[in-house]
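Starting from the given sequences, assemble the full structure and let the hints guide the process.
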Amino acid sequence: MANTNTEGCRQPDRFCRWGKKSHRRPANNPEEDWGYVAVEARESCIDWSQQVREHYDAEKRILEKFEGPSKSGEGSHLRMQAERLRPEFDALAEQWRRDTRHLSQISKKITHPAYFRITGMGKPVIPLLLESLRDKPTHWFAALRATANVDPCPTGTNPSQARDAWLNWGRTQGYIE
Amino acid sequence: MAKSDVEQDFPALIGKDYDLSDEDFNNNCLGFALGDLNNWWEPPMGQGQYWPPGFPEDIKVGTVEAIIRVHGFTVEVGKENSPEAEAIAIYAIGDEWTHFAKFSEGAWKSKLGEGHDASRVNLDDLTIDMYGEVVKVLSRPKQ
Chain A
1 MANTNTEGCR QPDRFCRWGK KSHRRPANNP EEDWGYVAVE ARESCIDWSQ
51 QVREHYDAEK RILEKFEGPS KSGEGSHLRM QAERLRPEFD ALAEQWRRDT
101 RHLSQISKKI THPAYFRITG MGKPVIPLLL ESLRDKPTHW FAALRATANV
151 DPCPTGTNPS QARDAWLNWG RTQGYIE
Chain B
1 MAKSDVEQDF PALIGKDYDL SDEDFNNNCL GFALGDLNNW WEPPMGQGQY
51 WPPGFPEDIK VGTVEAIIRV HGFTVEVGKE NSPEAEAIAI YAIGDEWTHF
101 AKFSEGAWKS KLGEGHDASR VNLDDLTIDM YGEVVKVLSR PKQ
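Read top to bottom, the protein sequences are chains A and B.
When you line the first sequence up against this note's numbering, it's residues 1 to 177, in that order.
When you line the second sequence up against this note's numbering, it's residues 1 to 143, in that order.
Bear in mind the hints are in silico, worked out from the structure with no lab data behind them.
Quick reminder that beta carbons are idealized off the backbone N, C-alpha and C, glycines included.
Here are the computed lysine to aspartate or glutamate pairs in the DMTMM-like style, where the Cα-Cα straight-line distance is at most 25 Å: (1) A:K136 x A:D164; (2) B:K79 x B:E133; (3) A:K136 x B:D5; (4) A:K108 x B:D5; (5) B:K136 x B:D125; (6) A:K108 x B:D36; (7) B:K109 x B:E96; (8) A:K136 x B:D24; (9) B:K142 x B:E80; (10) B:K60 x B:E76; (11) A:K108 x B:D124; (12) A:K136 x B:D22.
Just the calculated beta-carbon pair ranges, DEER-fashion: (13) B:E76 x A:Q81: 54 to 60 Å; (14) B:D22 x A:D164: 16 to 22 Å; (15) B:P56 x A:D90: 35 to 41 Å.
Computed footprint of chain B on chain A, listed as stretches where at least three residues anywhere in the stretch have a Cβ under 8 Å from a Cβ of chain B: (16) 92-106; (17) 131-145; (18) 148-162.
Set out below in structure tokens:
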């Protein structure tokens, strides 16, 4: 008899079709049963992958609706991760601005604990840093260098030029519109 | 940033008649004092910061005093009286500079971090824990 139970199934329930019964079940012949199970499994795989694709496309459409079309899959993925960090980032960024806004030295500004925590968020915080740099210019350059592990600024740039270089880089990567 | 935000950090300005410019993150107090509004003067050179070549990349008062003197501010004057010519006041904590103010056109003005520059202030108005105190005032003799 063909094995139609679901014990071996590792897919999420909503995508699992391994155990479904079919109206095309053939006669009680073991060889035919195995062949039939293989066909049914293949159909199930196609069905499951189509649902995953539809699910992904739906998320992509939502993202594009709010942020415009992405230029790369990685950029789109990172921006989705960044959204989860936004509330904490906003609070830390505001605290950092408030506490360090009158310091005359960047080397002291970036040793504030809130700046360290933002940097510690890692790569997913890059889109938020770039947004902040675009909308309310401030010295996020050290945090960007640390999280992105690149430096797109030519030697000798002033803060405005460094800002432009980072925003151009961010757009190229699909991290910001 | 409104005056009320500035006065949170500089309570001595409360009730005073002073002016604030627009915010500008391109320059800091040292660049502003030296008349360079396009650069953030702080070592090391690079990464959006400017530091003149040939000077140690440190924040020692002695180093910055040498830089200021190169720009013609060569005469040390007392901090109690208004200078007769352009001048730069150096604020420091210990041996490290923290801030600068510039005297020109009969008034002290100072760029506050990456925010506004404040005009028609007194040196004492800016004496807060973050800046320490004025350790030297250097004047540029009239040509």
